[in-house]
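Peer 1: So the sequences go chain by chain: A and B.
Residue 308 in our numbering sits at position 308 of the first sequence; the count goes up by one each step and never skips.
Residue 559 in our numbering sits at position 559 of the second sequence; the count goes up by one each step and never skips.
For the record, the hints were derived by calculation from the structure and aren't laboratory data.
Beta carbons: idealized from backbone N, C-alpha and C, even for Gly.
Be a bit skeptical, because a hint or two may be false.
What the hints assert, rightly or not - Derived contacts from chain B toward chain A, CB cut-off under 7 Å, selection only:
1. 203
2. 381
3. 483
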Amino acid sequence: MITLAIGLSIVLLLVILFLLFRIGTLASIFRGSTQRAVGTTKTSNKVNSFLMLLFLIGGGAAFAWSFADAWDDMNQPLASVHGGWTDSLFWTTMIVIGIVFVITQILLFWYSYKYQHKDEKRAYYYPHNNKLEIVWTMIPAVVMAILVFAGWKTWANITSAAPADAVVVEVMGKQFSWLVRYPGADGKLGEANVHLIDATNEIGVDFSDPNAMDDFMPREIHVPKGKPVLFKIRSRDVIHSVFLPHFRVKMDAVPGMPTKFWFVPTKTTAEMRTETGNSEFNYEMACTEICGRGHFAMRFILVVDEPEEYEEWLASQTPFIEQNPQLLTKFTNDSKDQVVLEKSAEEVKTEL
Amino acid sequence: MSSTDISLNKDVHHAHDEHDHHHDQNFFEKYIFSQDHKVIAKQFLFAGIFWGFIGGFLSIIFRLQLGWPEATFTFLEPILGNWIVNGKLDPEFYLALVTMHGTIMVFFVLTAGLSGTFSNFLIPLQIGARDMASGFMNMLSFWVFFLASVVMFTSLFIETGPAGGGWTVYPPLSALPQAISGSGLGMTLWLISMALFIVSQLLGGVNYITTVINLRTKGMSMTKLPLTIWSFFLTAILGLLSFPVLLSAALLLIFDRSFGTSFFLSDIYIAGEALANTGGSAILFQHLFWFLGHPEVYIVILPTFGIVSEVIATNSRKPIFGYRAMIGSMLGISLLSFVVWAHHMFVTGMNPFLGSVFMFLTLIIAVPSAVKVFNWLATLWRGNIRFTTAMMYAVAFVSLFISGGLTGIILGNSALDIQLHDTYFVIAHFHLVMGAAAFFGMFCGIYHWFPKMFGRMMDEKLGFIHFWLTFLSAYLVFMPMHYIGIAGFPRRYYSWTGFDAFNTFTDLNSFISIAAILGFTAQLIFLFNFIYSIFKGRRATANPWHSNTLEWTTPVNPGHGNWPGEIPTVYRWPYDYSKPGAPEDYIPQNVPFSQTQSSNLPYERDLE
Numbered sequence: 001m002i003t004l005a006i007g008l009s010i011v012l013l014l015v016i017l018f019l020l021f022r023i024g025t026l027a028s029i030f031r032g033s034t035q036r037a038v039g040t041t042k043t044s045n046k047v048n049s050f051l052m053l054l055f056l057i058g059g060g061a062a063f064a065w066s067f068a069d070a071w072d073d074m075n076q077p078l079a080s081v082h083g084g085w086t087d088s089l090f091w092t093t094m095i096v097i098g099i100v101f102v103i104t105q106i107l108l109f110w111y112s113y114k115y116q117h118k119d120e121k122r123a124y125y126y127p128h129n130n131k132l133e134i135v136w137t138m139i140p141a142v143v144m145a146i147l148v149f150a151g152w153k154t155w156a157n158i159t160s161a162a163p164a165d166a167v168v169v170e171v172m173g174k175q176f177s178w179l180v181r182y183p184g185a186d187g188k189l190g191e192a193n194v195h196l197i198d199a200t201n202e203i204g205v206d207f208s209d210p211n212a213m214d215d216f217m218p219r220e221i222h223v224p225k226g227k228p229v230l231f232k233i234r235s236r237d238v239i240h241s242v243f244l245p246h247f248r249v250k251m252d253a254v255p256g257m258p259t260k261f262w263f264v265p266t267k268t269t270a271e272m273r274t275e276t277g278n279s280e281f282n283y284e285m286a287c288t289e290i291c292g293r294g295h296f297a298m299r300f301i302l303v304v305d306e307p308e309e310y311e312e313w314l315a316s317q318t319p320f321i322e323q324n325p326q327l328l329t330k331f332t333n334d335s336k337d338q339v340v341l342e343k344s345a346e347e348v349k350t351e352l
Numbered sequence: 001m002s003s004t005d006i007s008l009n010k011d012v013h014h015a016h017d018e019h020d021h022h023h024d025q026n027f028f029e030k031y032i033f034s035q036d037h038k039v040i041a042k043q044f045l046f047a048g049i050f051w052g053f054i055g056g057f058l059s060i061i062f063r064l065q066l067g068w069p070e071a072t073f074t075f076l077e078p079i080l081g082n083w084i085v086n087g088k089l090d091p092e093f094y095l096a097l098v099t100m101h102g103t104i105m106v107f108f109v110l111t112a113g114l115s116g117t118f119s120n121f122l123i124p125l126q127i128g129a130r131d132m133a134s135g136f137m138n139m140l141s142f143w144v145f146f147l148a149s150v151v152m153f154t155s156l157f158i159e160t161g162p163a164g165g166g167w168t169v170y171p172p173l174s175a176l177p178q179a180i181s182g183s184g185l186g187m188t189l190w191l192i193s194m195a196l197f198i199v200s201q202l203l204g205g206v207n208y209i210t211t212v213i214n215l216r217t218k219g220m221s222m223t224k225l226p227l228t229i230w231s232f233f234l235t236a237i238l239g240l241l242s243f244p245v246l247l248s249a250a251l252l253l254i255f256d257r258s259f260g261t262s263f264f265l266s267d268i269y270i271a272g273e274a275l276a277n278t279g280g281s282a283i284l285f286q287h288l289f290w291f292l293g294h295p296e297v298y299i300v301i302l303p304t305f306g307i308v309s310e311v312i313a314t315n316s317r318k319p320i321f322g323y324r325a326m327i328g329s330m331l332g333i334s335l336l337s338f339v340v341w342a343h344h345m346f347v348t349g350m351n352p353f354l355g356s357v358f359m360f361l362t363l364i365i366a367v368p369s370a371v372k373v374f375n376w377l378a379t380l381w382r383g384n385i386r387f388t389t390a391m392m393y394a395v396a397f398v399s400l401f402i403s404g405g406l407t408g409i410i411l412g413n414s415a416l417d418i419q420l421h422d423t424y425f426v427i428a429h430f431h432l433v434m435g436a437a438a439f440f441g442m443f444c445g446i447y448h449w450f451p452k453m454f455g456r457m458m459d460e461k462l463g464f465i466h467f468w469l470t471f472l473s474a475y476l477v478f479m480p481m482h483y484i485g486i487a488g489f490p491r492r493y494y495s496w497t498g499f500d501a502f503n504t505f506t507d508l509n510s511f512i513s514i515a516a517i518l519g520f521t522a523q524l525i526f527l528f529n530f531i532y533s534i535f536k537g538r539r540a541t542a543n544p545w546h547s548n549t550l551e552w553t554t555p556v557n558p559g560h561g562n563w564p565g566e567i568p569t570v571y572r573w574p575y576d577y578s579k580p581g582a583p584e585d586y587i588p589q590n591v592p593f594s595q596t597q598s599s600n601l602p603y604e605r606d607l608e
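Same shape as in the complex, but just chain A (with noise of 0.2 Å):
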């Protein structure tokens, strides 16, 4: 019943607004607007490029605004100290295009209402000024050199080699999780292979290997201020990409491609809970490559202690092959098949 009510209502609002389309041509007729040249009648000019104007104030008013009331949404805590350069790189760059953008638009939208049309009046014929084009060539390439080189020199920067006293963190997305080893004492990484794969060792580490006898794998990111650190990403499925609001961190995890990206964390964990006011604050690593069904569900905490905290943190942790003991047996078993399997695949490729 009413369903059918609504639906009779949406009918008769159709058949309302058809009339008063009908009535509005036929008006139209009546006037004489039909006689005119399309664009040239007085009311529907004027209209429309007031409009125009209304829409130049009333739209820039309402974006002024609302680009004021969500600053402090829109400006994640930072917490690096890239994420600085890139941070004042990106509003120097914003003020740049936003003076553009605000003369441009002002002139785009005032000349519609200045220039309609009017009877008496001729355009002014103007095909070319040749000074004029070169001028407003050079400006912007000139602006768009000074952009490259601020950009080339931050890129630079952030993309250069790590510290060889960075610390190594191990990042492997997966459908639909993070997966984080760290070197241990030893500060190396144990090989691994995504044959070795399975429900406990979901990393694939190679345990014949010994630098992989004292990694661990922990549930929370723990990184230690002002010290850098080193990322590590793979994946082992499909494209992820590793995203760290908070740090302006981002770079893809991409299966057979082992990536990297290293900066310096700022503030701890803490010391953002007190400057946010909130108790509960947790920097986060989310993904930003689509991967699927859990695609937006890839969260993982990171915490930042003082160095001190973090040793202590360090040396709470235990390796994982003394969590998980009954993986060194099967182990030793696996990588002999292992060395088997080698064996057969370079036979086959001597074959080719």
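Fit chain B to the known structure of chain A by using the hints.
Peer 2: Leaving out everything else, chain B in the frame of chain A:
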């Protein structure tokens, strides 16, 4: 027997060239398998509008989810069936929606619908040709596109759902049905459809280029071509050079999916087993994809550059400012569009040095784009502007192009792209600059050339209402997305509520969704106006906008062959508006200088 056949063909050809006898075509020849460029253009237009509504509708469904993530949408169950469980959208279906929205809008509406309509319709009419160089290939181009459309449309209704790996279909996600259900049959259909689509584009593109080069009427030199033709010409060249690369990427992906090759796959463990694939590169696909993908952006936007330039000049009653600079900047943009693809890949782990090179090349594009904007502004300056609906769309196009284009300067900077890559800032940027702007260019073209297509006028009042609602909602949807993007909200998220960092802006997201629904509803006004005006619109005159280009010298309803008599000869450029000394404020291209002594410039006095 064969000799009689040959002579028969000759005879038909003769009659066709001379157009001295009219042979009746049956319904199929005339409207379905027509070789007339005008009918083919309309076929592309109808198909484009159909796809536009499908693509828009899909976006409304996912905007409902984003605007009200906690709500239940039981009322959608009748149309979505199993894709909605207890009023909750299936997350994989959400991904399929965004994938199909992107694919449909970029390829089926803004490439086929736009170029297919206006290149087909305007190239022969504006250069003074009877038809395309090959009417048969042109017909084939539409029908292959139609086939591609059928395949793509079918994929919307299969049980495993349409492709769901994003419109960029990056492998391994798109290669492995274990990874997402859309990568099963849906992805196979996607690839078949796109392969057909590319064939259609190439058939069309070869035709456009050949026609522009060979079939220009007497006097129509390249520097007397309307800017529309220049833009269609360059678009066709871009498509011809870049679409084959997408075809190769699609073929390699088909091999990886169906024949066990490893072009893009390596070191993968999925669904409980390690795959045998090794040595492939997932990044290789991205390079191939974006080698098309970036020129594709310009394939979408260049035709609208031409359309808007033409409409702004006509309705400002002024010559387009800097005609040669406009051509030069389009050439520059076309050239550069081939060497900037990797700016989509700054954070894929590509060598950072490559990042620096592509940043530099990308930011150069700002220069010719700025020149175009300045020239449009200079064209408006001291004009005598007639606000037809097409003109409103042209002005709004410039506004949207500025708003969306400027943020490209930020995203093209690799250092800034780190934070903004794959966030709503990117969504806002490209929807303004190549989504909304290209749609506005397309509307501009439809309103402007409707009288020539159907012999009737569209209703201007409805046009204004349609325009203002669309313009308003375009900004209301995409401007706030910048804020969400600066905050780092990732794209293709079913919901952001799981993250503390992204649980703000819930009101703003609802607002955007409401604005999107408003914008979509406004398109129904257009649909009504379009269909109603085809049958009941006010009858058009031959040249309702007092325009200079050749298509307005044809009869109100140009027949097969376009001009009943001889094809007009061209004497002047298409932008002699408001020339001092001329009695009218326009002088069509086919008026010789000998007839306009009063308005000739010094160097024009001795010209024919």
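Peer 1: Could you check the structure against the hints above and give me the numbers of any it violates, in ascending order?
Peer 2: The structure breaks only hint 1.
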